[in-house]
Structure formats: structure tokens, C-alpha cells
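Student: Hey, can you work out the whole structure from these sequences and the hints?
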Amino acid sequence: MNRRDGRSVGELLLDADFTTRQVLMDVTGQDAPAMLRTWGEVVQSASELWAALPEPVRGATSPIDGVTMARLESMSQGMHRTQVRQGWPGDGPADERLLHVAETLTRAADLIGRRGGHIRPTDTAVRADLDAARMRIMHTLYVGAHGVGVAARQHVADVELSSRGKSSRESRGAPRGQDAINRLAAFEQLAGAYVGNRFARAAQGEQVRGPYGTERLQQALIGWDIQAHRTLAASPTAANLLLASRTQAGIATAAGAILHAGARTGHVDTDAYEHRLASTVDATQVAWTHVATRWAEMTSPADRTDLDLVHAAGELRAAVREVAHDKTTWARPDVMAGRVDLGEAAQHLQQALSSAVDVACVIRDVAAQDTNLTGPARAMSHRANADIDRTANRGQRGEDVVWVTPGDVYANRTVAIPEPVRAGLVDATDTLVQTAGNAMSAAACLDRVTQDRPPGSGQEPTTSRGRRHEGPTLMAQEVPRAARP
Amino acid sequence: MSNQTIDQDASDTLAAVCRLLRHAAVCAWAEAEAEGPRSHLHLLGLGIHTASCQAVAMLPADADLEGHPPAQDDVAQLLRSAEELTRSIPVLDQTAGISPLVVAICDLVREATP
Chain G
0 MNRRDGRSVG ELLLDADFTT RQVLMDVTGQ DAPAMLRTWG EVVQSASELW AALPEPVRGA
60 TSPIDGVTMA RLESMSQGMH RTQVRQGWPG DGPADERLLH VAETLTRAAD LIGRRGGHIR
120 PTDTAVRADL DAARMRIMHT LYVGAHGVGV AARQHVADVE LSSRGKSSRE SRGAPRGQDA
180 INRLAAFEQL AGAYVGNRFA RAAQGEQVRG PYGTERLQQA LIGWDIQAHR TLAASPTAAN
240 LLLASRTQAG IATAAGAILH AGARTGHVDT DAYEHRLAST VDATQVAWTH VATRWAEMTS
300 PADRTDLDLV HAAGELRAAV REVAHDKTTW ARPDVMAGRV DLGEAAQHLQ QALSSAVDVA
360 CVIRDVAAQD TNLTGPARAM SHRANADIDR TANRGQRGED VVWVTPGDVY ANRTVAIPEP
420 VRAGLVDATD TLVQTAGNAM SAAACLDRVT QDRPPGSGQE PTTSRGRRHE GPTLMAQEVP
480 RAARP
Chain A
0 MSNQTIDQDA SDTLAAVCRL LRHAAVCAWA EAEAEGPRSH LHLLGLGIHT ASCQAVAMLP
60 ADADLEGHPP AQDDVAQLLR SAEELTRSIP VLDQTAGISP LVVAICDLVR EATP
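Listed in order, the protein sequences are those of chains G and A.
For the first sequence, the residue numbers in numbering that gives the first Met the number 0 are 0 to 484.
For the second sequence, the residue numbers in numbering that gives the first Met the number 0 are 0 to 113.
Hints listed in this document are in silico derivations from the structure and should not be mistaken for laboratory results.
These numbers were taken from a predicted model, which means no experiment stands behind them.
Hints may be right or wrong, so weigh each one.
For each label pair, taking beta carbons as the anchor points, the in silico distance ranges come out as [stated by the list, open to error]: (1) G/M24 with A/Q93: 15 to 25 Å; (2) G/D90 with A/G96: 49 to 59 Å; (3) G/E54 with A/Q93: 48 to 58 Å.
Now the stretches of chain G that chain A is said to cover, found in silico as 3 or more residues with beta-carbon under 8 Å [stated by the list, open to error]: (4) 248 to 260; (5) 314 to 323.
Note that CB positions come from ideal geometry on N, CA and C, so glycine has one too.
Tutor: Put into C-alpha cells, the structure is as follows:
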């Protein structure tokens, strides 16, 4: 049992049910002995879980409801005794998938035993949830028994085929398997009678708690922040830095769209948005995009990106789309406001804009100090020349230096980034840190805007509250600059 | 973080998918930058890029992904081409991860097609 398993009883039941469905999709005759050895444990765990569920209130259900499980358990025990007497399938490895189902059900029973003692099924919703839980358990056994039966039938067919014309010793697995098939069929019939056509209706009563409102967006932003820091600390490659920068640019884009919608629907102060937020958020988006373009030049198509970072970025994008997208473009402000509390979303974005400053500092440190930064020779040569031309236009004409050898350019080898490229990168990241700091300072007003908003003020546009928020705001916060190489 | 067991045909097809996705992301971002910092195409580009990262992770470490970018610059068309290519990749243990990639690309096609 996994001691750190944080899943709820409902999630564990779903896992058990799902695993038996997967087993059914992928069984062979060779699996039969291991499955038959493990099936008893599954039934026993299910029976213990069933017993751990709070008892129905008197008169609320039929008295025969608990009898089906008792009969199934006794059938399973009978099968086990027969297996021991016949010495088949005998000792051997257990089926890992069914073992997982048994452990999952035991974990659910353990959770209810330790933490569910206070539940009294008097409320209709609680009773419906308990009915759904019982149905899930029975459905798990129903599908599981069918899966084991399929494996046993396949096993018998395999034995009959391979032992045709051989001694009775070699073919005795067939009648033993046939006995198991018959008993499993009876088991399946009994469990199936309970499930009947009530599964869908019972499952409707299942209490499924998804993220409420902006919770998913908040979780995705926090998850992204943590993963970005982890990945950039462990593996600050150009590919990871590219994805980090592009995702941060995406956060700024989303912040601009959501805050705009908030301002239009009265969830965000219009004056603060128009005069402070909009321009600084846009500027930080442009800075992130510019830095991302720099990192992109240093990647080659085959470079790998940390998959944890990829998944965090994917979840963040999905969370933003859930709030702010409608088909192929941004949703209208009133549509966004109908989905979530935009004031709450603004607060989460304000925190994201604050943590973006730290990510920007990490990226600047990598740009300034990481001696392992490399890039494809042709792109590096092109960029070095472009950056030298840029500084020359500012009146600083230097000597002609070959930053990348012709041989490296010809073969497009991976080379250490030339000095002008690093200098340009540091310049870009310095600007990024500065603009991210500005956006953080401007977004600080979002906290007060949300707190000041009277309860129930929702859709009405606000135009006159701006002056209340004209307190001292940190603009262009001073952020220490990294030493240049 | 690479797949050394994938067969040559599937690997070649997946490499072509990677090239298409990479180019589609570049095109989407170029359009986004032209439209400005509020363009929804920034997030579309990000989605295409993450799909491209997923695809690259399924390839062997020595897979050849260089070569000229596709001539097509229409993001939706590039995504549709990538999706069509994935149809020929079998769902096997050796191509584990292909199903989420196909779903991601189909979502992107829907997102990019007005």
C-alpha cells in the first residue's frame, strides 16, 4: 500500500473499476493461473470495503442488498478451497493488475475505517453517493470475473490444443479449468444481476468534485511556477529555457486578455487597467517573447525538453483556455465572466506576474553565468554578426573577429555561444527582469481592487472607482542587475 | 528521455510530424508577434510547441530532424498534415505516447480551424 496515496475513496473505486476494464481488454490464456490465484484476494478486499461503507438507514434500502456480496464472497471462498484441494493452479506469481485492484479496494476500506466513521447516510446526496460506491464495487467484481473467465476459457482452449493425443496427466488442466470457468460464470451472473441496468443511474449519484471556479487556473499557475524553477535549476538547457520563456509569454498574454475582460465587466478597476496594467503586462509579454526568440536560435530540432515542464505548460494552457477561449479565439468578456469570478482570476494572475519576476531573474542568471550554453554554429555566427552590427550602429565599432570558425559553420556543429551573443542575451534578459518588475508593481493594485469590490457587484462596468486606488504604486521596481561576463 | 525501440517506419513518420509541428509553431508565433502581445496565437503556438516536444521525446536520441522546413506556412494546414501522418503510426508498446499526441494534434487542428 502506498502510504503517500492522496486519492479519495471515489478515486480509488474508479481506479479499481478502470483497472478491471483494462484487464478485460488484454487477457490471454497464459494469464489464467495467476489471475485465478489472485481473484480471491480481489473478492475479499471488495467484501471488506462493502462492509466498511456506512450502513443504509433503516428502511432506506432493501434488506437483500448486502446478501449479494455475502454470496459472492462465499462462492469465492469455495473456489479457493477447490483450488487448494485440486492443487491447481498451485503456487506461483500473482497477477499484478488484479493485485493492484485488491490493494486499491483495501486502501479505500482503510480510508473509510479511519476517517469515514462520522458519515451518517441521512442526506439524500450521501445516500446516492454510497449507492454509487456499492455499484462501483459490484461492477468491478462483475467485469473482473468476466475477465478472469475469459482468461480461463482461453487457457482451457490452449491446453486442449496442445495436449491433443497426449497423456491424461498433460491434459488434466482442461477439466480443472472448465470447473473454474463454470464457477466464474455463476459468480458473474450473480454480480451482473445486481448491476443489471442500474449502473448508469447509480453512477449519477456519485459525488465528483472537480476544481471550482478559478481553482484549476490557480493550480496550473502554481504548478507551472514550481516546475519551471525545478527544471531550470536541474537542467537549464536552451530547449527548456525556450519553453519556459514562451510559457511565461503565454501567461502574460492570458493575463492581458483576462484582465481586459475583468475591466470590461467591473471585476477589475478600469482606470488601473487602462493606465497601468495593460501597458506593463503587454511590455512584459513582448520582453518574454524576445528572450524566447533568442533561446530558440540556440536550439536544434532534435533537442529534448523536460517532459515535466512540457506537461506543466500543457496544463497551464488548458486552464487558460477553459476560462478565456471560445472556439478559435478569445471568449467575449461577458462569457469569461459567466464562467469564473474574474476578480478571483485577477488575483491568481497577480501572483503569477509576481513569481514571473523570479523566473526572469533565474533566466538572466543562466544567460549571464552559465558557461555551458551552446548553439548551432550557423545560427550563432549569424546572431553574433547581427549583434556586432547593432552595436556598431550605436557607434561602438570593434575589431573584425571570427566568432565561429568556417569549419563549424560548414558542418553546423554545436558550439559555445560567442561573446556578442551572450552579451545580447544578457541585454534581453535585463530588459525582461525590468519589465517583469514593472508588471508586478502595476498588478499589486489587483489585490485591493478585489477586496474593495462590494459583494454581488458582478457584471456592471465600473468607471469611477479608479481614484480610490491611486495610492503609492511601485513602478519600475529596482531589480539588481546580474554581473556581465 | 528517448525511445530506442521504435521501428524505422514509425520513427521516420514521427520525425516528419515533428518537423511539421515545429514549423507550425514558428509560423503561429510569427503571426502572433505581427498581431501583437494580446494575440491568441501566442497560446496556439505554445500548444503546438508542447505537442512537438512530446513527439520529439518519442524518437530515438539519434533521430534526424534537420532538413528544410516545409514550404507551407498555413498553420492549420500544417497541423492537418501532421494529423494525417500520425494515422499511419501504429499504437504499440514501442510507440507509447502516440495516443495523447494524436489527441493533442486533433485539439490543435480544431483550435486553429475557424
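Student: Give a verdict on every hint.
Tutor: Status of each hint after checking the structure:
| no. | hint | result |
| --- | --- | --- |
| 1 | G/M24 with A/Q93: 15 to 25 Å | holds, 19 Å |
| 2 | G/D90 with A/G96: 49 to 59 Å | violated, 37 Å |
| 3 | G/E54 with A/Q93: 48 to 58 Å | holds, 51 Å |
| 4 | 248 to 260 | holds (count 8) |
| 5 | 314 to 323 | holds (count 3) |
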